[in-house]
Structures are given as structure tokens and as C-alpha cells.
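Protein sequences appear in the order of chains A and B.
Under this note's numbering, the first residue of the first sequence carries the number 64, and numbering increases by one thereafter.
Under this note's numbering, the first residue of the second sequence carries the number 283, and numbering increases by one thereafter.
Don't read these hints as lab results, they were simulated from the structure.
Note that the structure is a prediction, hence the values are computed from the model and not measured.
Be a bit skeptical, because a hint or two may be false.
To be verified - Derived contacts from chain B toward chain A, CB cut-off under 8 Å, selection only:
{"hint": "1", "residue": "Met308"}
{"hint": "2", "residue": "Asn324"}
{"hint": "3", "residue": "Asp325"}
{"hint": "4", "residue": "Asn334"}
{"hint": "5", "residue": "Asp340"}
{"hint": "6", "residue": "Ile344"}
{"hint": "7", "residue": "Leu377"}
{"hint": "8", "residue": "Thr382"}
Glycine included, every Cβ here is placed at the ideal spot set by N, Cα and C.
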Amino acid sequence: MLRRPSHRQRDELRALASRQAAAAEIGRRALASDDLDAILRDAVEAAGRELRTDYASVLELTRDGRSLHVRATAGFPDDMLGGVMRADAEELSRIALDRDEPLAIGDFSAEPDFEPSAVQRELGVTSALVAPIGVRGRHFGVLGVYAREPRRYEPDDINFIRALASTIGLAAERNRHKDRVRDSEARFRELADTTPALMWMTDPDAHVTFVNEGWLRFTGRTLDEELGDTFGLSAHPDDRAELLTRWRRAFRRREELRFEYRLMHAPTGSYRWVLEVGTPRFAGGEFAGYVGTTTDIHERRSMEEALRESEAGFRDLADSAPVMIWTTDTRGLVTFVNEGWMRFTGTTLAEELGSSWALGVHPDDVEQMLDSWNASLEAREVWEYEYRLMSHTGEYRWIVDRGVPRYEGGSFVGYVGAAVDIHERILMQQQLREVYEIEHTIAETLQRSLLPERLPEIEGLRLVPRYLPAGEAIGGDWYDALERMDGRVALIVGDVVGHGLRAAATMGQLRNAFRAYGLVESSPAEVMARVNRLVMSGEDAMATVLYLVLDRETGEVTYSAAGHPPPLVLAPDGAHFLEGGRSMPIGAADPAVFREATGVVPPGSTLLLYTDGLVERRGVPLEDSLDALAEAAGEAEEDLEKLCDRLVGTVVPKLQPSDDVALLAVRPSAVNADALRLSLPAEPESLALLRRRLERFLHAAGADELESYEIMLTVCEAAGNAIEHAYGPGDASFDVEAALVAGELVASVRDRGQWRDRRGEHRGRGIKIIMGLMDDVNIESQNGGTLVTMRRRLAHARAA
Amino acid sequence: MTAPAEIAVERHGGTLVAHVTGEVDMTNAGHVRDQLLDSVPNDALGLVIDLNECRYLDSAGIEVIFDLARRLRRRRQELRIVVPPGSPLTRVLELTEVGTAAPIHQTVDAAVAG
């Protein structure tokens with residue numbers, strides 16, 4: 064029999080469902096479209112409709128924070144749109160922004176402290192509810208609804224407007240961010256292709272993946288010819304071997320490469336001296352290849368060579384050269400700077416001569432630069448240093464300065480040096496890194512937060528999940544299952560409001576939060592409260608969640624539904640929903656009260672957890688959709704996979720869902736006594752559970768106390784290693800299998816990371832324990848993971 | 283879930299005896315170490331760790347022993363371990379050569395007597 068909700072509950076459910084749908088819809092549009100005005104228009108319409116008010120608007124704070132710009136309206140006269148008003152004339156908005164929280168006025172006439180604005184009075188506004196958009200310090204503006212009648216705004220109303228405001232805030236923030244990314248990419252490409260510097264990039268395998276226009280012009284080769292394993296191809300034959308040697312050495316050590324060599328210059332058909340500088344780049348701590356620049360230093364090299372021939376000839380040459388040249392005496396005092404130097408700095412020869420080393424050098428660079436110069440001078444070594452020098456315009460520009468000791472008749476007479484302006488090159492390198500970081504962050508967020516396609520295997524439970532994305536965008540639905548220390552199993556299905564990267568990231572965080580609190584806390588309401596506190600203290604996010612704890616032995620369930628549709632029990636005697644424990648969505652308010660309820664899943668039942676995409680349909684009352692779902696689910700005897708396929712295949716298409724659908728079907732199954740198979744999150748907290756399960760299994764297998772202890776310890780050492788390999792907490796899982804094969808206990812631990820060379824004695828001890836306590840240990844890499852298989856013969860194994 | 287371990291400290295003359303009850307693994311090893319270290323005042327002669335009631339000790343726990351031995355040695359204090367005969371921990375302590383860092387005794391009295 065299907066139990067029906069009461070009328071009042073139905074109305075509440077319906078209002079809640081409708082608002083959730085509205086908030087989710089705005090979230091989806093916000094992430095699917097770049098058109099902020101359209102999003103704001105949709106949002107004010109939704110606010111007015113759902114809260115049944117006469118007027119709604121979004122007012123944007125101007126940059127100086129002193130005025131409000133009418134960005135979107137519903138119900139207001141058309142000519143208001145686009146107008147600008149002073150922020151202090153809009154008292155309610157100003158207070159809501161100051162307090163950084165929604166403000167409700169049920170009746171202006173009863174609130175002497177608040178006054179409607181002139182426009183509002185003119186329109187007969189009697190009550191109002193306004194909410195700030197965005198976070199304090201970066202407020203975008205205010206979302207407000209206004210009614211001509213006095214109104215009592217309920218906590219649900221306030222939560223709804225808060226959710227809408229938060230969605231708008233994210234959309235505005237995202238637009239801002241998008242512009243920034245676009246700008247910085249464009250700036251980089253423009254810079255890379257218009258500066259005379261030559262640029263290149265490699266991947267982590269040292270293959271060239273990018274060269275800029277400048278490089279192609281210089282070498283006269285095509286992009287196709289340059290990409291791939293091409294390093295050093297255009298170098299002078301006499302320089303190539305050393306270039307490659309140095310490149311390989313630097314690459315191997317992930318060190319900076321710095322080398323001067325002759326590079327083929329296609330326009331003149333001759334070789335020119337260049338300085339190659341390559342630096343390793345890292346993304347999220349991982350080596351990602353090299354980025355490099357090549358600077359034409361031919362004039363400087365020619366200078367150095369000319370000087371070797373004659374001093375007078377040198378000065379003539381130096382003054383006509385387009386680089387900055389200097390010489391010193393044996394004590395390092397400047398004896399000459401060329402025209403090029405003074406053109407750059409705007410100084411005079413008198414200022415530059417003598418002890419002028421710190422002159423014009425950027426304050427942040429000067430100390431280290433002097434240290435480096437003095438050290439080189441003392442050792443009479445070649446000196447090279449990059450620093451910022453003030454140019455004649457007053458702007459600091461990056462230069463690379465290089466000095467070589469010179470000798471006459473075998474004795475040291477001082478240094479000759481030359482500097483090259485590398486300002487654009489440095490800026491470009493910085494920008495390239497930034498662009499790369501942004502791209503990588505996005506990709507990583509995606510990767511880390513995608514839905515767990517793998518559920519842990521839980522003894523005595525069969526779990527079948529289904530996930531149907533609504534469209535291109537990544538959704539924020541998730542499902543999860545975890546085994547608690549007390550032997551009960553927590554089952555979770557949730558739906559983050561909104562779509563896209565942000566929702567996916569929030570989903571990942573929430574999933575981990577539920578995993579963490581779910582292990583510690585036994586009460587679902589307390590788990591909800593804790594996660595809620597976590598969400599409210601951090602980012603703007605809202606989610607509906609069903610959290611249920613199942614006792615596999617008794618079928619007892621304790622659950623809480625935070626704004627989430629009720630789970631369905633397909634019992635042998637009919638279907639019913641678990642309708643208790645109804646609470647507010649996560650992230651809606653703090654403090655919030657979360658309720659929990661208990662129930663029983665009779666033997667032979669199937670439990671269906673799902674997100675509202677499975678039942679929600681525009682214009683159809685929720686209880687009708689719930690009835691339809693219960694009818695479609697039908698008999699519980701069916702194969703679980705088939706049941707899920709049927710629900711997904713028949714119910715979903717009828718709904719034409721505009722939201723993602725996540726479904727988790729759960730059915731208690733018979734316990735396997737002959738072998739142990741476990742999949743656990745790669746977290747240290749899993750070890751205690753693993754020990755309990757191993758103990759139970761080893762005891763059943765006939766191991767004595769000592770054998771049991773030593774085998775358990777060994778498997779846990781291997782598991783500890785798997786946990787330490789994991790990329791990050793909650794990111795991965797590892798599998799443990801144990802079986803008794805002809806009197807021999809065979810246990811394996813499989814992870815998805817690399818069995819790294821463990822540093823330090825500590826890890827060495829783990830391996831010693833594993834090797835010492837088992838008869839046979841085998842460690843192999845496979846499919847990007849590691850499989851450790853351990854065997855030990857038991858003295859009195861249980862007969863098979 | 284963090285592994286449960288309890289530590290009770292008592293004084294035997296100039297030597298402190300810490301009875302470790304429960305399980306020590308990577309989730310609580312750091313905490314156990316800090317507690318043990320805090321229990322030893324500067325004027326104590328040494329510390330005896332009694333593993334009679336310790337049900338589980340993995341490589342992270344063994345690392346705690348080595349670390350404590352190192353730290354106490356610097357303070358001129360000695361660390362000794364008590365493991366009863368027939369304890370499942372015995373072979374693990376042998377394999378990891380804990381005896382080289384902290385002498386292993388079979389009873390608390392023997393350990394206190396040195």
C-alpha cells in the first residue's frame with residue numbers, strides 16, 4: 064500500500080518542490096548562459112512568482128558602492144529599468160548589505176524604524192523582503208521582492224530568496240572570472256606573437272608543444288616542423304651536442320636551462336648567438352614540462368669578441384650597438400658605459416662611472432644583485448643576473464646583465480659586460496604560468512569532483528547506481544554508500560543546486576563531508592547539522608540530501624531528508640515511502656533543525672534512493688509523480704539492474720527531465736562466508752574497520768590468535784601504503800580481498816596509485832613487516848595501480 | 283574513526299611507566315607519541331612503555347618507539363619496552379629491530395629494574 068502524505072504536508076512539499084525547481088532552474092541557466100541580464104530577469108520573475116509578490120528587482124551596486132543600478136525588474140513600471148539611484152535613498156537595500164543578510168519587513172506601518180523609498184511609496188508597497196547578492200566585501204547588489212499587502216515572511220521564504228541571491232551571486236562572480244581568463248589568454252597570445260622574443264614550451268616528455276611566431280620567423284621553419292622531438296634541431300652543428308647535453312641534464316634535474324649557442328637565422332641565412340633560458344613549470348605540484356625563451360644576443364657576443372681584439376675598436380663598436388655595454392676595472396668600479404646604456408637609463412656618464420652598481424636598481428633586487436656581482440668579481444667568474452633597472456621613463460624594466468672577466472697579457476684587467484632588455488619575456492613567462500594554472504585548476508576541479516562511478520562493495524548489500532545527466536553541463540547530483548564502524552551502512556543521495564564546475568566541486572566537497580561525519584556520527588540528524596554548519600561557514604552552496612543509515616541485520620533504518628524527496632521501499636507486501644525526517648535543505652540556514660525518523664525495511668525489500676530529477680515534472684503535482692514512481696517500480700523481486708534500467712528507461716523519458724537524475728537501488732543480500740572482499744576509501748580511518756572485518760574473516764578461516772594478528776597487521780601495512788599513495792583524502796579507494804585456498808590464506812590489496820619508493824626508515828619498517836610475516840609476497844604494478852598479494856599457510860586451516 | 287588507545291602513567295621511583303591500552307595505528311600514532319613524551323618530566327630517569335594491554339601496534343606505532351627513544355636519548359633518558367611472553371607483538375618487534383633502540387623486557391618490574 065502506498066501511504067499518502069497529509070494535505071498540509073502536500074502543500075508544503077509542493078511549495079518546496081516548486082521553489083527548489085525554480086532555484087535549480089535559475090542555477091542551470093546561470094551556468095549555461097553568459098547573458099547576465101537574462102539570468103537576472105529570470106531570477107526576479109522567479110522571485111516574484113514563487114513568493115507571490117507584486118514587484119521584484121535586482122539592484123546592482125556601482126563600483127564606488129554609492130549608487131544602485133536597476134538591472135532587472137518584474138512588476139515595476141518599465142521606465143525604472145536601467146535607472147540609477149543613490150544607495151542611501153534605498154534604505155532597506157543599504158541595511159541588508161550592511162548586515163549581509165536578508166531583511167524582511169512584514170508591514171512598513173508597523174515598523175517605525177524603516178521607511179519605504181519614494182518609488183516604493185508611490186507604488187503602494189507595504190511589505191518587502193530583500194537579500195544581499197554575493198559575499199561581504201564583494202557584494203554584487205540586492206535582490207528584493209515587494210508587495211502591496213502586509214505579509215508574514217516565513218523562514219522558508221527567506222531561505223528561498225537567499226538561495227536565489229546566492230545563485231545570482233555565483234553567476235555574477237563567474238562572469239567576472241570568465242572575463243579575466245579570456246583577457247589573460249588573449250593578452251598572452253598577443254604578447255607571445257608580437258614581441259621579438261622567441262618562445263617555446265615542452266610537455267613533460269620534453270617534446271616541443273608550442274613555439275611562437277617569433278621563433279618561426281627566426282628559424283624559417285613551419286609549426287609542423289617544430290613540434291615534437293625537435294629540441295636543438297636548428298642549433299649550429301658545433302654547439303648542438305653541448306646544447307643537448309645541458310638540456311637533458313637540466314631536464315632530468317628539473318633545473319633551469321641557461322645556455323648560449325648559435326641558432327640558424329633564416330632571414331639572413333646565417334647563425335646568430337642566442338641565449339636560451341628554459342624553466343620547468345609545475346601545475347598543482349606536478350611537473351608539466353618546460354617553458355622557455357630565446358633571446359638574440361648576437362650583438363653582445365660580437366662586442367665581447369671585438370673587445371678581445373682592440374679597446375678602441377671596441378668603444379666605437381659599443382656606442383653604435385643596440386645593447387647596453389659596460390666595463391670595469393679590477394676592483395669592479397665602472398670605467399665605461401655605452402650610449403645604449405645611457406639611452407636606457409637616462410643617466411649621464413659621470414653618474415655611471417665608479418661605484419655606481421646600485422644606481423637605478425629596483426629596491427627588491429638590489430641586495431641580491433650586489434651579492435651576486437661581488438661574489439663573481441671575487442672569484443673572477445662570469446657573472447649573470449636578471450634584475451629590474453629603472454629606465455629613462457621611470458619604469459622598472461627587467462634586464463639580464465652579464466659580465467665576463469677580461470685579461471690582457473695574461474693578467475686580469477676588469478670586466479666587460481652587456482645587458483639586454485628582457486622585460487616582455489619575463490612578463491610573458493609569468494603570464495604563461497598563470498594561464499596554465501587557471502586551465503589546470505579547472506581541469507583538476509572537474510576531475511576531482513566527478514561522480515563516483517564506483518561504489519564501495521559492501522558485504523551483504525547489493526548496490527546498483529544510475530546517473531543520467533540532463534545535458535552537457537556537469538550536474539551536482541551524487542550518491543554514496545559507506546560502512547560504519549558499528550556495522551551499519553550509511554546511504555546518501557544528494558543534489559547540489561546549480562550546474563557546472565562549481566556545482567560539481569561543491570558536490571565533491573559535500574560528498575567528502577558526509578563521508579567524514581557519517582563515519583563519526585551515528586545520528587543522521589547530527590550528520591546533517593554538522594555538514595550544514597560546515598557549508599554555512601564556507602561557500603555559498605545549497606543542496607538537498609537524503610541520508611539514511613541501515614542496519615543490515617535487522618533492516619532498521621534511521622534517516623533524515625533535507626529538502627529531499629522521500630526514499631521508496633519496495634517491500635514484498637507493497638510499496639511505501641519513508642516520509643519522516645523532513646528538514647530544510649543543507650546550506651539554507653544556520654542554525655537549522657534537522658529531524659530524523661526511523662523505519663524498517665522488511666526482509667526481501669528493495670530501497671530506492673533518488674534525486675528529484677526522477678520525480679519532478681513541470682506542472683505535475685509532486686505526489687502524483689511519487690505515485691507514478693511507486694507504480695512503475697512495481698514488484699521488488701526483479702533483478703536489481705533490470706529494475707534500475709526499467710525505471711530509467713520508462714519513468715525518466717516521460718518526465719523529460721530538466722534536471723540530472725541520480726538513482727541508487729539497495730537490496731540486502733546473503734553474506735558470503737568463504738571469501739572477504741572489501742572496497743574502502745583510501746583514508747587512515749578505514750584501517751580500524753578493515754581490522755574488524757579481517758579478524759572476523761580470519762577467525763572463521765581457522766587462523767589461530769597469532770596467525771590472525773600477524774596476517775591482519777600485514778594486510779593493514781599494505782593498506783596503509785595504499786592510503787598514503789592516494790592523491791588526496793576521499794579521492795580514491797582501495798580493494799582488499801582475502802580467501803582460503805587449500806589451507807593457504809591469500810590476501811591482496813589493490814590500489815590505484817603507484818607503489819612509490821618509500822623514503823625514511825618508517826616505510827622501510829612497513830615493508831619489513833610485510834616480508835617477514837608472510838610466506839610469500841608479490842608486488843606488481845598494473846593498470847595504473849599496485850597489487851600486493853600475500854600468502855601464508857595456516858597451521859589449522861578450516862577444511863573447505 | 284580513529285583507533286582507540288588509552289595511556290595511563292605511573293611513577294616507579296625515578297622511572298615512569300606508561301601502560302598503553304588499545305590499538306595504535308597511523309590515525310592515532312602522533313597523538314600517542316605526544317602523550318607519552320609529555321608524560322616524561324626532565325628529572326625522570328627514563329620511560330617504560332608497557333604493551334601488556336596493547337592489542338595492535340603497526341609500523342606507525344613502531345616508529346613512535348624509535349622516535350621516542352631518539353628524543354629521550356637526547357635528554358639522557360632511557361626508553362624500555364615491556365612485552366609479555368607469547369604476545370602477538372613479539373615477532374613484529376623483532377623484525378623491526380626495536381630492541382636496538384629500546385631494550386625489551388618481559389615484565390614491568392624487570393624493565394624498571396633495568
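task: Would you settle whether the hint for Asn334 (chain B) is holds or violated, based on the nearest Cβ-Cβ distance to chain A being less than 8 Å?
output: 15 Å, violated
message: Is the interface hint satisfied for Asp340 (chain B)? The criterion is a beta-carbon contact with chain A at less than 8 Å.
response: 6 Å, holds
- request: Verify the interface restraint on Asn324 (chain B): the C-beta must sit less than 8 Å from at least one C-beta of chain A.
  value: 27 Å, violated
Given hint Leu377 (chain B) near chain A, where the shortest CB pair must fall under 8 Å: Hint on Leu377 (chain B): holds, closest Cβ of chain A at ~4 Å, below 8 Å.
When the least beta-carbon distance from Thr382 (chain B) to chain A is tested against 8 Å, hint result: Violated, about 11 Å.
- request: Identify whether the interface hint at Asp325 (chain B) stands, where standing means a beta carbon of chain A within less than 8 Å of its own.
  value: It is violated, given that the least Cβ distance between Asp325 (chain B) and chain A is near 30 Å, above 8 Å.
- request: Return the status of the interface hint for Met308 (chain B): holds when the least beta-carbon distance to chain A is below 8 Å, violated otherwise.
  value: This hint holds: Met308 (chain B) lies near chain A, its Cβ roughly 5 Å from the closest one there, short of 8 Å.
message: Min Cβ distance, Ile344 (chain B) to chain A: is it shorter than 8 Å?
response: 6 Å, holds
Hint compliance for this structure: hints 2, 3, 4 and 8 are not met, and every other hint is.
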